[in-house]
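Visitor: Listed here are the chains, written in short residue letters.
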Amino acid sequence: MGVRYLGAEVQRMEDPRLLTGHGRYVDDIKLEGMLHAAFLRSSQAHAKIHSIDITAASDLVGVHRVFTLADLGVNYQKPMNQLYPAPVIEQNKTQYPLAKDEVCYVGETIAVVIADSRAIAEDALALINVEYKTLPAVIDVRTALEEGSPLAHSDTESNLMGKMRSKFGDIEDAFNKADHVFSAGFMQHRGGCHSMETRGVIARDDPWGDGLTIWTSAQSPYLIRRALANWLGEPEEKIRVIAPDVGGGFGPKAGFYPEEIVIPLVARIMERPVKWIEDRQEHFVSTTTQRDQYWDLEVACNVDGKILGLRGKVTHENGAYIPYGILLPNSSLTPLPGAYSIPAIDVGVDIIFTNTVPNSPVRGAGRPCGIYAVERMVQVVSRKLGIDPAVVRRRNYVRPEQMPYETGAKLRGGDPVVYDSGDYEALLDKVLELSDYESFKDRQIAARKEGRFLGIGISSCIEDTGMGPYEGTTVRVDASGKVIVKTGAASQGQGHHTMISMIVADNLGVKPEDIIFESADTAKFPHGIGAIGSRIAANVAPSAFDAASKVREKAIKLAAEILETAEADLDIESGIVRVNGAPDVSISLGELAVKLTPPSSTRVPTGFEPLLEATSFEGSAGSPIASGSNVAEVEVDNGTGEVKVLRYSVAHDCGIMINPMIVHGQIVGGVVHGIGNALFERMIYDKQGQPLTMNYGEYLLPLASEMPRIDVTHMETPSPLNSLGVKGAGEGGTIPAAAAVIAAIENALEEFSVEIDYYPVDPQYLLGLIDSSIDSKSSSRLS
Amino acid sequence: MPDIREIQVSVNGEDHSAKVETRTSLGDFLRQNLGLTGTHLGCEHGVCGACTVILDGEAVRSCLMLAVQANGHEVTTVEGLAGEEGELHPLQEAFWKHHGLQCGFCTPGMLTSLVAFLRDNPNPSERDIREAISGNICRCTGYQGIVDATLEAAKVMQGRV
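For the protein sequence lines, the chains are L and H, in the order given.
Under our numbering, the first residue of the first sequence is numbered 4, with each subsequent residue one higher.
Under our numbering, the first residue of the second sequence is numbered 1146, with each subsequent residue one higher.
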């Protein structure tokens, strides 16, 4: 067995199709007799619905039918199911697929029009008359628990959804014995996914045949199948969910949406396929976003910068409903204490309803927030004590000899957080070298003489990747010798086809182009989990490796019998089993497959099971912990408040890299998401709950012209938790980025003693901080 | 009643005669009437650039243009960039080599925008390229692979590699 592909920069097998316009995204699918849907969405943040008049809309030429909740059928007058039940959810609020009598955010689905075309369906939306009684809305999460605050749901007594806490070590002792205690408060805002492909669903029902088939732009097709089956009270086997090509996901496409109930139901009722494609305006109001967290922290440290403890409180904006359990607040706490050995932590989070779109993880979920919080406090220690931020980090890192290092925190499933491998200080050294950190002071002084303000910032992170339980793979050789590889893992651009094919090709001895790859279709593989939390590589790579190994063993064993030679003398190359030293004696994998799928009246060779096939669910024995250190170098225009990221350097460790080109793409793309969080992306609601940033002129995404070149270097510390030593790489670029950029901005403005307590750092805010420093007035957005 | 007009338009070198509603965008016409689903609609308000096609040599947003406005014009979509035998355009080759795409959704608009750009700017700098695609949003790549691919494609197209 020769390793030719693992670790090589293999060009992606997905690409020729996508480059020539032959991708197959949901909206590219056209079915015979298909109708088109458009949703009427709430224009109010909080209101009772008195009446919905659909008469005029129903009468429009080209409209087939208009549905409200009542029209879906007597069995379906119920709210959606909770995907991730948890004891801390004190008020389990999920929405109805179409509103019943109360709407709790702008964008909530109220009715759906089914018509010959999308254009006609949209025309009809304007003819539906909803009579609302406006209710007070709660928007500012900071006042949402005060007495007399409006309530996000009229049938509740409090906006508190639940509380969580991460507590370990002797926190009182840490704060009692520390030389210093410093505090900081800050707001973190993360926007939406803004995948370039919006969401979309097509459903077709064949009651006497295949049942329901649903094409949806999603990260977790099996989760949708299960959720829909549960909600409908029907067997999973009669529901097929396919995620075809998906144009980006980044978290919000990993859930289960009202449209994924409504479109299948109306397709069934109409007895015709129905398509709904979200438009960009709908994306702004109906696709889940991450939004606001307010952190108030205290750090206990000694004079040398050694951190002894961290405590405080987080106020987490949940939006109006809980489609997604507590994944987001939970993953905000579990990364504490970051890359550092902090013996005691006590941080609690209040999870609070507001009348805004429900929230969900966006790339990194809560991890970027948790890491930002730790890195912020490291910056505070560095600044207060006047110690170089790199030195403070060196004095606090978890060291390689401490691995496996149990932090004291718990993962969502209750397992302890254990750092399995890595060398965080070595990563820091690498990124300091890559970024010319040592000579930065010279650059800064030279620029300052020209009236320019340069700054540099460091951020380190850990990331729990590869959460279980598994992501299985089947490998089968067919009679033609082609290798069919099937998995439940759905891709939204991460290159799973290439990555998995490389592993199978190496292990089985075939060419990647002889692999037929099928994924993200519940009819093709029995069960999968989903592309979330940088989990695919660390789960599917081991299962693909194992399944291919088993097929190889079976092929070698059978070939040895047929060729009458010892197994040890056989090797497989390009799909042919050959005898070492006798190249003319061979049998192809296709011929072996035929022996195991013989025609009638013949036998499968004695001692062999039918099919040249194996399935594996091998994954990782715990979460492999990836790590990284980043350095951002920025220039701040103190006249306009504009921040330019001049350089950005990354040292990252995701264990053994299967395809370094794909890893590089994940890291660079991830960093840009983080820079977007730090400087640009902000979903703004007014006090009545009306969204104000509703297009890409108002909601700013990172553009090529604003992004720096990003330099990346890698360390490969193999994870001991899986057979290939891999760790996830999907979010490690995003997680530390905002902290690096914001530390760099503060560094650039050191002479103004600017303390950033809010991101995204827009020019207006930054100018306010500079001016207030000059005038010695506070202009914090938090006050 | 919908206002319907007949239009003649050449797409990827093929003449089409079609009846379209006047309110139909060029993007919807290409996708729905002609089945050319390589052109993607990302924002439908002219910012993201995914729907970019080449009209008489210029990059235009097919979401901001009506199909009737294309009457009598020549359109090239992403499906028309590769050679007759299916050989990839040098820019497509370079995108493949430099990992200039992940999910692939913005890719058609990136390619069409850059093909038009490279015709007018055969020897661009990195900064030029970044400005040229500042009206095309990619949410996956961080743009770096796209920029590197374009720098290389420019060299290949000039016969400098």
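It is worth saying that the hints were derived from the structure and are not from the lab.
No experiment lies behind these values; they were computed from the predicted model shown.
Among the clues, some could well be false.
Unchecked claim - Quick look at which bits of chain L chain H covers, simulated, 3 or more residues with Cβ under 8 Å:
#1 99-106
#2 182-188
What the hints assert, rightly or not - Only pairs whose alpha carbons sit at most 30 Å apart, straight line, appear in this in silico DSSO-like list of lysine-lysine:
#3 L:Lys485 <-> H:Lys1164
#4 H:Lys1164 <-> L:Lys433
#5 L:Lys81 <-> L:Lys103
#6 L:Lys170 <-> L:Lys180
#7 H:Lys1300 <-> L:Lys33
#8 H:Lys1164 <-> L:Lys514
#9 L:Lys241 <-> L:Lys444
#10 L:Lys413 <-> L:Lys170
#11 L:Lys180 <-> L:Lys444
For each residue, glycine too, the CB sits at the ideal point set by N, CA and C.
Visitor: Compare the structure with each hint and give your call.
Guide: Quick rundown of the hints versus the structure:
{"no.": "1", "hint": "99-106", "in the structure": "violated (count 0)"}
{"no.": "2", "hint": "182-188", "in the structure": "violated (count 0)"}
{"no.": "3", "hint": "L:Lys485 <-> H:Lys1164", "in the structure": "violated (45 Å)"}
{"no.": "4", "hint": "H:Lys1164 <-> L:Lys433", "in the structure": "violated (62 Å)"}
{"no.": "5", "hint": "L:Lys81 <-> L:Lys103", "in the structure": "holds (9 Å)"}
{"no.": "6", "hint": "L:Lys170 <-> L:Lys180", "in the structure": "holds (18 Å)"}
{"no.": "7", "hint": "H:Lys1300 <-> L:Lys33", "in the structure": "violated (40 Å)"}
{"no.": "8", "hint": "H:Lys1164 <-> L:Lys514", "in the structure": "violated (48 Å)"}
{"no.": "9", "hint": "L:Lys241 <-> L:Lys444", "in the structure": "violated (65 Å)"}
{"no.": "10", "hint": "L:Lys413 <-> L:Lys170", "in the structure": "holds (9 Å)"}
{"no.": "11", "hint": "L:Lys180 <-> L:Lys444", "in the structure": "violated (35 Å)"}
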